[in-house]
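Undergrad: Sequence:
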Amino acid sequence: MGKKKPSTENGKTDTNTPDSTICWCNKMFGFSPADLKSPQAVIKLLCRPSDPACLGVVRFLFGFLMLLDIPQERGLGMADVRWGNNDECRFPLFNFLKPLPLEWMYIVYFVMLLGAAGIMVGFLFRFSCICFLLPYWYIFFLDKTSWNNHSYLYGILGFLLTISDANRYWSLDGLFSKNKRNTHVPLWNYTLLRLQVFLVYFIAGLKKLDFDWVYGYSMQNLSRHWVFDPLKFMLTEEQIDLFVVHLGGLTIDLSIGFLFFFDKTRPLAFLVCSSFHLMNSQMFSIGMFPWMMLATQVLFCHTDWPRRVFKMIPTSLQLFTPEEEEIHASSHCIYGKDDVKSEDNKQQGMKCGKAPPTKSTLYHKISTCFTFLFIILQLILPYSHGITKGYNNWTNGLYGYSWDMMVHSWSVQHIRITYVNKDTGEAGYLNPEAWVGSRRWSSHADMLKQHAQCIAGHLKTYNITNVALHFDIWKSLNERFQQRMFDPKVDIQSVEWSPLKETPWLMPLLVDLSDWRGKLAEIEKSLTVNSSESADVVFVADFPGLYLENYVQEDLGNTSITVLKGKVLVELVDKHKNYTLMEGESMQVPAGNFHNVHTISSTPSCYMYIYVNTTDVNFMENLIEYEKAVNGTLDIGIADKALSRFESDPLLAQYKQALAAKKAVKKQEEQTLLEKLTEFIKNKYIIFSRSFRFTTGALHSILSQRPFEEFLNDTYSLERDSIIQSVDFDL
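Numbering follows this note's numbering, with no gaps: position 581 of the sequence shown is 616.
The hints are simulated quantities; they were obtained by calculation from the structure and are not laboratory data. Among these hints, one or two may not hold up.
In silico DSSO-like pairs for lysine-lysine, Cα to Cα no more than 30 Å straight-line [claimed, not checked]:
| hint | residue 1 | residue 2 |
| --- | --- | --- |
| 1 | K524 | K600 |
| 2 | K663 | K676 |
| 3 | K524 | K457 |
| 4 | K424 | K400 |
| 5 | K610 | K524 |
| 6 | K701 | K267 |
| 7 | K701 | K719 |
| 8 | K213 | K389 |
| 9 | K536 | K457 |
| 10 | K698 | K711 |
| 11 | K372 | K213 |
| 12 | K711 | K267 |
Whenever a hint applies, use it, and build me the whole structure from the sequences.
TA: In structure tokens form, the structure reads like this:
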């Protein structure tokens with residue numbers, strides 16, 4: 036008796052292909068190599084009929100998670116704060132995009148909310164998808180400072196669901212229309228969604244092959260989080276950061292997509308991936324992303340898995356589960372002639388009475404072409420930085436479509452904005468926090484240009500119409516030296532920027548100094564261990580011919596500068612004195628004065644500031660003594676004297692505030708699981724109730740033509756009263 040050949044989903048075999056190859060391809064992709072022998076075969080493959088059950092459940096989960104996401108990460112709950120300030124500088128992808136009046140922004144959110152609800156229940160499915168997608172991408176493009184990979188992912192998944200037949204199972208559309216209920220969906224519906232999720236993991240893994248990630252510089256001190264406590268019995272925090280966070284994350288991203296494809300490895304993939312995302316949900320404030328990735332895992336299961344799950348539910352509990360019935364044919368799929376002739380398929384033919392298609396139509400050809408075009412686009416976009424050169428900074432491209440999640444961490448040391456009135460020569464400094472709600476603009480040349488144009492517009496109200504704007508921005512990428520990011524001598528207001536051209540006024544990242552990071556960590560650690568005082572250190576690198584203008588605050592009474600590499604000239608501005616420092620030399624820097632550090636070597640200079648905040652040190656010493664006196668840990672006589680002394684201390688209010696904050700943190704750490712859950716539910720209730728209240732207020736304002744400001748003033752007054760009552764209750 037001969038060995039039985041493995042079959043495809045259509046029950047066909049290929050006698051010319053080795054059994055092992057057929058088996059692997061069937062498990063990995065759902066087809067054998069023979070299915071790709073001609074363009075017509077490819078069309079037939081991608082339009083092969085598939086069970087709609089899995090797609091219907093994914094549609095439901097996507098809509099449900101978006102309903103939760105819109106009031107939170109999309110910003111409905113705090114839309115008045117995000118879009119209510121007309122003076123705030125905006126950073127849209129296209130400069131012509133502007134926010135609508137605040138009450139109409141709430142209508143935009145409301146339409147998106149209705150669209151997400153329609154997607155979830157499968158009601159007027161295509162229309163609901165459009166109602167969700169148009170507001171979603173509008174808000175997404177309005178603000179580049181809020182971009183991230185998963186926000187981009189939600190928009191793509193919403194688009195893929197829009198063009199799919201995801202309402203063919205467990206939907207109101209199917210309930211009201213027999214032609215849509217429980218009909219086949221073409222395989223390409225699953226192919227695009229599976230591929231998109233696969234690429235999120237795999238390309239994220241490829242991006243993590245970056246030197247900084249592999250050597251553990253991207254995510255520092257993550258091991259201190261409680262989720263890693265079970266591992267601390269075996270590994271140190273440094274080992275957890277390197278081997279678990281960095282190398283473990285790299286391994287998961289590169290392998291998890293492949294593990295999902297095979298039946299034997301899929302349980303392992305579920306276990307690893309679920310643990311990974313559940314940990315991320317606790318470590319990072321990334322909204323629904325971990326839960327969305329948990330929901331999309333089921334795409335890699337057999338397409339009929341929901342039917343088997345629903346059958347396991349007792350009949351008495353099957354209130355909203357779909358009725359079990361035969362799957363009917365769809366005009367969007369292509370069927371084999373033998374399948375159409377079979378008695379079973381005759382009985383479950385197309386509900387409109389027509390025969391199921393056995394040859395490709397224009398719809399099938401267009402959908403196949405689109406599938407390949409979409410795949411090519413998603414493979415190109417993460418590596419398209421050679422085209423969009425204007426968006427390249429120290430990292431390639433705008434953070435949001437490259438899947439380079441968590442690879443880069445930034446620290447901002449210093450932002451100085453200088454304006455010069457070209458008509459009068461008057462110069463001055465601007466508050467870098469003015470007119471903006473986020474510092475993210477300072478990392479991107481395109482947003483820096485937009486910010487300069489916005490500032491110039493605001494300065495016109497101060498009769499400054501002809502202005503030059505210079506930005507001196509110091510940042511560190513992945514634990515490197517602090518260095519300036521943009522040329523401070525360039526007038527950003529008048530300089531040109533193009534998305535297709537490199538930015539010449541971007542200062543290069545000093546990658547040649549990356550090897551110093553190990554030495555910097557050792558120096559910082561030695562200062563922490565050996566110093567009797569609480570010393571802080573800042574490592575700086577600068578380019579030849581430029582200088583750092585710095586001011587040492589008066590409470591930084593013990594500040595020194597030490598040269599690590601190169602040659603600098605320290606100019607004490609008030610004292611009119613200059614000091615030249617070579618490598619290894621240091622000097623004290625006077626507090627309460629400006630000084631300039633000029634790089635006079637032919638190569639970049641590296642130096643460090645070591646300073647002790649004497650005010651903070653004294654404050655902490657007094658705070659400890661005050662806490663002991665209040666808690667009664669001192670003798671009665673000593674405690675009474677201490678308390679009487681603190682009564683005349685001008686910082687008494689700050690001591691009380693610091694103790695209250697310390698008690699709040701301790702109380703939070705000692706909370707039971709039930710208390711934490713109660714607080715979590717309370718916070719979510721506040722966000723969702725606020726979303727509902729402001730949305731209804733906006734609708735009422737538009738319908739009644741009442742100024743929305745009146746509603747805002749009344750609501751803010753009620754919120755202030757509520758906060759005051761809550762504080763009084765706690766006291």
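Undergrad: For each hint, tell me whether it holds in the structure or not.
TA: Quick rundown of the hints versus the structure:
1. K524 with K600: holds (24 Å)
2. K663 with K676: Given pair K663, K676 holds - Cα atoms ~12 Å apart, limit 30 Å.
3. K524 with K457: Answer holds: K524 to K457 is near 15 Å, not above 30 Å.
4. K424 with K400: violated (35 Å)
5. K610 with K524: holds (26 Å)
6. K701 with K267: At roughly 22 Å apart (the allowed maximum being 30 Å), K267 and K701 satisfy the hint.
7. K701 with K719: Within the cut-off at roughly 22 Å; holds.
8. K213 with K389: holds (14 Å)
9. K536 with K457: holds (28 Å)
10. K698 with K711: holds (16 Å)
11. K372 with K213: Within the cut-off at roughly 24 Å; holds.
12. K711 with K267: holds (24 Å)
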